[in-house]
Every structure is written in structure tokens, then in C-alpha cells.
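Q: With the hints as your guide, set chain F onto chain U.
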Amino acid sequence: MSVEFLLIIAFGGAFLTYLLGKISHRLRDVFAVLISCALVAIIAYLYGKDLEKTFYLGFFGLPLQLRLHMLSWFFAITVSSVGALSIIFSLSYIRQRERTDFYYLMMLLVNASMLGIVLSGDLVSFYIFWEIMSWSAFLLISYNRGPALAAGMKYIIMSVVGSIGILIGILSLYTTCGTLNMTEITVHLAAASSRYIIFIIITFSIGFGIKSAMVPLHTWLPDAHSQAPSPFSAVLSGILIKMGTYGFLLIMYVIVGIRLFLGLGSGLFSFNYILCFLGAVTAVIPTFIALLQNDAKRLLAWHSIGQIGYIIMGITLGTSLSIAGGVFHLFNHAMFKALLFLTVGAVEYRTRGVRDLNSLGGLIKRMPVTFMAALVGALGIIGVPLTNGFVSKWLIYKSLILEQHPFFAFAAFIGTWGTLLSFYKFLHNMFLGQLPEKYKDVEKAPFSMQFSMIIFSIIIVITGILPGIPLKVINGIGTTFGFGSLNVTIWGIISETGTINTVNIFAAIIGACVIVWLIFRAGPKATKIAQDNNYAAGAAIPSDRYNYTVDFYNPLYRMIAPYLRDFVDEFYTRLANWTRGLGNGVRRIYTGDVGYYVIYIILFLALLIIVQVKWSIW
Amino acid sequence: MRIIEIVISPIIAFVIGMFLLGLSRKIMARIHWRYGPPLIQPVIDIVKLFNQTSMSHGNIFNLGVILSLAGSMVVVLFLPIGKLHPLSGSGGLLVILYIMLFGPLGIALSGGEAANPNTSIGISRKLILTLGYELPLILILLAVMTYYRTISIVEIVGAQQEARWSMLSFPLVVPGIAYLLILPAILGERPFELVKAPQEISSGTMVEYGGKYLALATIEHAFSLFVGTALFVNLFLGGSSNPGFFIIKVIVVFIVEVLINAVFPRFRVDQAIKYLWRWPTLVALAGLILVFIIER
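If you're matching them up, the sequences are chains U and F in order. In this note's numbering, each number is its position in the first sequence, counted from 1, plus 1. In this note's numbering, each number is its position in the second sequence, counted from 1, plus 142.
This is chain U alone, in the form it adopts within the complex:
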């Protein structure tokens, strides 16, 4: 089976789904799920194969190529599985809404274009798929209308700026190298000057940085993630922003190559350390801004930026261990962040659109499965042992410490503590505490939602206890980049500077839990009582009024909030207003009166004549 077949299924399936929706909604749903699951199966089948295929020759004489290798396989499987599970989740989420055909078309199109991006073997097809992805994502972000339109507009403006950056890079590479095939460019670039390589990386980094929401290019993300429909937020945060990091990996380690990239600059001012510094900033500040948020999805969105910081730190530090950590964290983030967005989606669906953390509470009594899923996701993003987030963060910390970057490591640790605080708030304010009167009749999430959430939870726990499964693939990616091979076993990584053994940790924790549980069981059995029973000592109290959720970390907020403004966003807003003011100013000269235009022409000619008489340029 060849690569272009995969893309034909992906794109063809998307359009066919739209047409089927005109006939029957049920048929369309089944077909959409089948297509997305078939993609997962085909990609899984293609594991370990190295394929290359030229599928079109005539694009200005440039051959368009598709290529499958370890890196693209890894991304493809992540994209397709998150895509498939979000489609399954959408089945009940989107049923009551309008324009559902359009929704499915766009969901499948985004997934197909992302597969296209990771499978492209040359920069032209890369750019084409990149643009399809950007624009279909725009249509989905503004699906809800209202404030979503503004969020979508912000996204697409920044996205276009990024695309221009990438386009400049591509054109420049074409003029220097005369080809846009990735492998051929690498050969040509080996002789290029380091200044030129920095230029190329910066142009591409603008595009990839905007897509992956790296500080200071992150401002589109909080709005877009919180306004998009929840299953698409999962795709957006889980994999779409990972296309930016895929781009980083591509330009740094595939096109430019490890030796050239790590050799730019020297000492602490090496180019990769500067990127690593940006990663550290990205890991800390957005995480603490997230702590202040009250909208569940906005909180998750800010955390997406924060976690991207870890990934950037991992992949730019440039040791085999840190690359493994960064790429593994990327996979893990796709899993737990998609899961968390889906849990918020389920709550939103059942409470009819409420996701304000101050007004929810106690939902564990009504939606236990959703709570467990949210708990697993939260533990994953905090990086608690037994989840996959722990292993990847461990790898990143360890490489930062051993490479003697304690300050970057400090940023990474502090980000984790901020994550802990804000995810406890997330769990507490939605699921724990008292159940408000108006949510007494909330039902549990529908089957299709629970199914996706359970699968994600299982993936998180399995890859957390047996991290060797994904790490084996990731190690393969590292070696194709030219990094030293790691000694990966099924339960972790063996090395002289510190081994990690998740199975030992798992066994110890489970063993301890069993022992404590046995002690617990040995005691007299506890009587189960209502939640307000103990607090009121049996007296009748008005329910609904004893819930501590608003301003959960009030003393902390008062201390840190003044320092946590999004200065970058304010700067961009000011820039946008200034541009608009300039535009308005310029518009005034267009009076619509022909006489004025004649005067403009005469004045301009006079200016030209004066210039010529005075300096005689022409």
C-alpha cells in the first residue's frame, strides 16, 4: 500500500462524508467514524516502512513528493488517532447543532491536511497542505459564531503572517538550492554560511512558532481554543499546534541537520539555547496566567501554551535524551490535553454550555466516568508517576540538569507546580465540592463521549507504565536525526547517569496502596453520609451556599495577578489599533472628488520634476 493511497482516502473520505450527509445523517456518522478509524489502521499497518513516492510532476517543473519515515509515521499515528477519537466524541456532541455536514467535512479535512503535512517530502506540497489546514481550522474555530468569529479572525491573521514567513523561507531556499526536495536541500545547505542558515530558521520559526503558540507568538491561542467546539479544541490543542513543533523538528534536524543547527553561535548564546530560553519563558508565564482563568477551556488553552514550552525546551536543547523527552512529551500532551478538552466538552454538553469554573461543582456524583477521565488527564499534565507525562517530563528535567542548565530546569519545575495548582482547581471546581441545585438532574455523558475518554485514559496510563512502547519509536526518530541511540527497554531508559524504571515505581505504589487499603479495610466500616451532614452538624442549612470555588487561591492571586498581564497581546492590540488609525488617516485623502485627484497627480509630477532638477537621478 502506498502513501498517496492514504491521502486519497483521507481527502476523498472527507468530501464523501459531506455528500453522504445530504442523504442520511446516520449514514454520514457511520462513514465518518469508519474513515477516521481506517486511517488509523492503515497508518498502523505502515509501521517501520520507508516509502517515497513522486505523485505529480507539473508544478512549475517541481516534482511533488510524499515520503514516509519514522518521524512522519509517529506524527501520522498521533494525528489519526486523536482525530478518530474526536470524531467519535463529536457524534453526540454535535448532533443537536446545525451545519453538521459542514462540521464533519472540516474535521476530516483538517485531519487529512495534517496527514498531508507530515507525509510531504518537499516544501511545496508541505506548504499546500499547511494552508489547507490553516483555513479549514479557521472555519471550524468560528463555527459557533458570535465571539468565535473574532477569535477565528485573530487566528487567521496571525496564521497568514506565519505562512508568509514560511513562504519567504521556501522562496529563498529555492533560489539558493534550486530544488525544494527536503533531502536535496540538506545536501545544498551543508555548504551554506551560518548567517544564511539562521535567516532560514528564523523565517520558518515565525510560521511554526505562531502555529505552535510559542511566546511571544501565542496570542491567538487562548481565544481560538476556548471558542472552538470542544472536540475540535481537542484536535486543535492536541495535534494542530503540534504541527508547529513538527515544523521545528523538520527545519532543525531534517533540513538543516543536527551538526549545522547545534553549531550556530557559541556557548550560552548558541542559537538553540536562545530558542530553549524562549521555551522556558513559554513554560512558566502562560502556566501562571492559566491559574487565574475561570473559564475551563481558557484555562486548558493557556496550559497548552505552557506545555509547548516543555516540548520546545526538549527539542531545542539537542541531546538524545532531551529530544526523546520533547518528542515523547509532544505525544503525551496530544493525549492528555485532547482528553481534558473532551471532558470539558462532556460537562458543557450536559450542563447546556456551562464551563464557568465558578458556577459548577459536585459533578462527580452525576458524571463519575468523566471525572475519572479528567483526573487521569490532570495527573498526566501534572506529570504524576504512572502517567506518561511523568516519563517525558523526567527526561526533560534530567537532560536540562545534566547539561548544566539549572535555570531552565527551574523554569520547568515551577511550571509543573503551577500546573498542579491550576489543575486541582479545575477538578475541584467542576467535579468536587457541593453539587449546585440546578445541576441535580444532570445525566452521565453519552456512550460515544465516554468511549473516547476511556480510550484516551487507557493510552495515558499504559504509556505511563510501559513507556518503552512509544520510546522505541522515538528513539528511532532520534537516530535518524543523527543522535546517539538510547538504551530503551519496555519500562524506561537505562543509562549510566540515571535509570528510570516505571514498572518499579508502579509496583511500589500499587503495593503500598494495597497494604494501606488492607489496613483501611481492617478498621470498622464507615457509614456513608450526605455531604452537608457533617458541616451543619445535622441542622438544616440552605444548600448551595457553602461552596468554596470563587477565587480559589485568593491570597495567591492578589500577590501574582498584577505581574501576570499578557503584555504581548496588549502590544499586538495596540499595533492593530495603530494600523487601523493609519488606515483611517490615509483614507481621508480619497475624497471622491475628481478635482482633488487631479491636484494629487500634478503635485506628484511637480515633486518628481523637483527631484530630477535638484539631484538628477534619472
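It is worth saying that the hints were derived from the structure and are not from the lab. Everything numeric in this text was worked out from a predicted model, so none of it was measured. Hints are supplied without guarantee of correctness; some may be wrong.
Unchecked claim - Partial chain U-side listing against chain F, Cβ under 8 angstroms, derived:
no.	residue
1	G434
2	P437
3	N505
Said to hold, decoys possible - From the derived model, a few chain F residues whose C-beta atoms are all more than 10 angstroms from chain U:
no.	residue
4	L165
5	K168
6	I169
7	I173
8	W175
9	Y177
10	S196
11	A257
12	A301
13	E304
14	M309
15	S311
16	F387
17	L401
18	Y417
19	L424
Where a beta carbon is used, it is the ideal one built from N, C-alpha and C, also for glycine.
A: Relative to chain U, chain F alone:
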């Protein structure tokens, strides 16, 4: 052999932790000019509590308590006690840092389901306080790890036994002092017992616990007293080559800490953060910068 170590380490930690609990009450009482309860009082309390009936609020309420005690027990397996370190080869200091999370997180989840506003306030305070002391603590740990160029606590202890204690060598004495400044916050002892604060929020996180729940939570506290002090002994006082000396060091550090802090009144939570993020953080940061300059 390893099996025996796995069994013995938590038992040592439990016994010493309970002893420290009794000791702190006794010392505190003597400073207050009272006679104080007998040293064995915490054990008596636990036995008593364990035979009382209790109330539960649901599965997470139970699970959280179990998880928090189990987490604290597991930390001990990764922490060298003299020569006993059955699992320390599975991830080093970073794993210890992370498994120490289970204690507060378990209590927080459990208390969350109880839906008592006092519990929620207690949890909020506990997590804020944790963030407060983690900031300097991470700087301290990073200084030590950067200095010895390893993430393995066993190697850190080994290096100190070959040369000398970190507390007595130049750049590391600075983070050592910072650790002593935040030790009461790590242990949740005076003046940082704002998480419990019986007069304000009726024991905060503990308010919904009774009977065996309270017993388990108390044992968890005992373990965390041991872990917080033992971490200092391992990192700065050279650990020890045999468990006996190690325990003596732990007890001495604890007594010093209690003697100094017993006279302070309780901080408010914002005062606690202001304190923790000012002097201890500055000292720890200075330590890390010194280590960074010297090592480069």
C-alpha cells in the same frame, strides 16, 4: 535482601515519624511550661482512633486518604536511610520530588469530595503553601544536583562521604541554610501550621476526617515529618553509612528545628508566601548562582 529492605525502610520511617510527632508535642509543651503528653501519645491516639466508627463521603474520599499515605510510604523506598535504599536506582531525586506530590494531592482529592468549605479553604492554603516552599526547594535541589552533576541521591550521599558534608563545603552551605529556613514549611510545623489552623478553619483539611481516616492522615503526617527531615540529612549532612547514625541525625535536626520555631506565632497565608519568596528564595538563588559560576 532487597525485599527485606523494602519491608524495613517504611517501618523505620513509621516508628521515627511517630516518635517525632510525640517529641514535637513534648518539646512544645515544655516551652509552654506545661508537662505535655507522654512521648507515646500519638500511637495511643492512633490505636484509639482506629477502633472508632467513622463517616465517609464517597469513593474518592476513601481513595484519596489511601493514596496519600501510600505515596508517603513509597517516598521512603526511594530515600536512602543509611545504607537502605531499595528502589533509589529507579529514577533518583526527581522521582522523590514527584512522589512527594501524592501526599498533598491525595488529601486534596479526598477533602474535595467532602464538600466542606473549611476543607476547601484548607486545601487551597495547603497548595499555596506548597507552591510557596517549592520555589526555594527546587532552587536548593538544583544547586545540589548541579554541583554533584547527578540526579541520583545515592551518588550525592556517596560523594559527601568521600569528601565532606555539603553543609560544610563552600557553595553548598548557602542552599543548606535556605533549606533550614523552609524546613518548618515543608514539615507543616509552626509557624506554618496555617493549613490546619484549628482556631480559624477548624483543622482545615482534617475537619471531615474521623476514626480510621484521621488515623491514616496522622500516620501520613508522621511519614512526611520523617521524609522532610531525612531529605535534609541526605542532601546536606552526608546521609550516613548506617541507619542508626542516620536516625540520630534526623532526630537532632528535628529537635533544633522545633526549638527554634516553637516560639513563633502562626503566619497568615499571604505572610507565609511573602516570607518564603523573600529570604529563603534569595538565599537559595544566591546558592544556585554561586554553584553555577563555580561549576562552569
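Q: Does each hint fit the structure? Answer for all of them.
A: Now the hints, each set against the structure:
no. : hint : in the structure
1   : G434 : 5 angstroms, holds
2   : P437 : 11 angstroms, violated
3   : N505 : 4 angstroms, holds
4   : L165 : 24 angstroms, holds
5   : K168 : 27 angstroms, holds
6   : I169 : 29 angstroms, holds
7   : I173 : 29 angstroms, holds
8   : W175 : 34 angstroms, holds
9   : Y177 : 31 angstroms, holds
10  : S196 : 5 angstroms, violated
11  : A257 : 4 angstroms, violated
12  : A301 : 14 angstroms, holds
13  : E304 : 18 angstroms, holds
14  : M309 : 20 angstroms, holds
15  : S311 : 18 angstroms, holds
16  : F387 : 26 angstroms, holds
17  : L401 : 29 angstroms, holds
18  : Y417 : 12 angstroms, holds
19  : L424 : 14 angstroms, holds
This entry does not satisfy hints 2, 10 and 11, going by the numbered hints stated previously.
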